[in-house]
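Colleague: Each chain is listed here by its residues.
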Amino acid sequence: KQEVTQIPAALSVPEGENLVLNCSFTDSAIYNLQWFRQDPGKGLTSLLLIQSSQREQTSGRLNASLDKSSGRSTLYIAASQPGDSATYLCAVTLNNNDMRFGAGTRLTVKP
Amino acid sequence: DTAVSQTPKYLVTQMGNDKSIKCEQNLGHDTMYWYKQDSKKFLKIMFSYNNKELIINETVPNRFSPKSPDKAHLNLHINSLELGDSAVYFCASSQELGRLGEKLFFGSGTQLSVL
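Order-wise, the sequence lines are chains A and B. Sequential numbering of the first sequence, starting at 16, is according to this note's numbering. Sequential numbering of the second sequence, starting at 90, is according to this note's numbering.
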């Protein structure tokens with residue numbers, strides 16, 4: 016049974032700081048892992064998608080890594096900005112196209 | 090400027106009624122989806138659809154039916170609502186047909202409560 020855990024639940028940092036969000040999953044039989052951003056009252060936006068055969072993906076100031084064997088993924092945000100403030104969710108896609116989400120990390124970047 | 094929008098955000102209704110949830114995407118994507126979320130944040134895919142192919146999860150009761158008036162819309166119709174239909178329903182879209190590994194963009198969800 017797949018469980019997805021995200022640590023920390025909330026994080027507050029000053030502007031400009033680099034930060035790491037963590038995601039762990041219990042079953043390594045995943046098809047891919049996605050990191051999403053959710054702003055209050057809005058939908059989920061996919062930030063990065065890592066296929067199970069890949070180790071990392073980069074987009075701008077974001078870098079996501081995947082270690083499938085240990086059941087871990089990290090999202091690294093460089094030079095954080097107040098506009099990065101949001102809830103970040105990781106989700107694993109299972110082989111039947113179902114998805115399991117973590118509870119999210121609520122990030123606040125203070126000016 | 091919301092990419093994937095669904096309405097209503099909350100829907101409370103009586104058992105036995107028929108209801109619809111609307112979904113629209115302005116991303117120009119070819120494929121749209123409906124997911125049902127359980128209390129543990131587990132999303133189960135219900136349908137994936139583009140203008141060529143509808144893929145139905147075989148576990149979905151036939152009381153649920155997707156209706157797509159055009160490429161940017163995929164509405165979810167539910168007939169004879171049951172208590173067990175209470176859940177959060179998410180619409181999503183992607184560039185290509187619903188094969189594994191697609192980058193998905195989700196709506197904010199519709200919380201359905203059947204009384």
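Simulated from the structure, these hints should not be mistaken for laboratory data. Hints are supplied without guarantee of correctness; some may be wrong.
PhoX-like mimics (lysine-lysine), calculated; alpha carbons at most 25 angstroms apart, straight line [said to hold, decoys possible]:
1. K141(B) x K130(B)
2. K83(A) x K108(B)
3. K160(B) x K141(B)
4. K192(B) x K83(A)
5. K57(A) x K141(B)
Colleague: For each hint, tell me whether it holds in the structure or not.
Modeller: These are the hints, each one checked on the structure:
no., hint, result
1, K141(B) x K130(B), "violated (30 angstroms)"
2, K83(A) x K108(B), "violated (41 angstroms)"
3, K160(B) x K141(B), "holds (10 angstroms)"
4, K192(B) x K83(A), "holds (19 angstroms)"
5, K57(A) x K141(B), "violated (29 angstroms)"
Consistency with the previously given hints fails for numbers 1, 2 and 5, ordered from lowest to highest.
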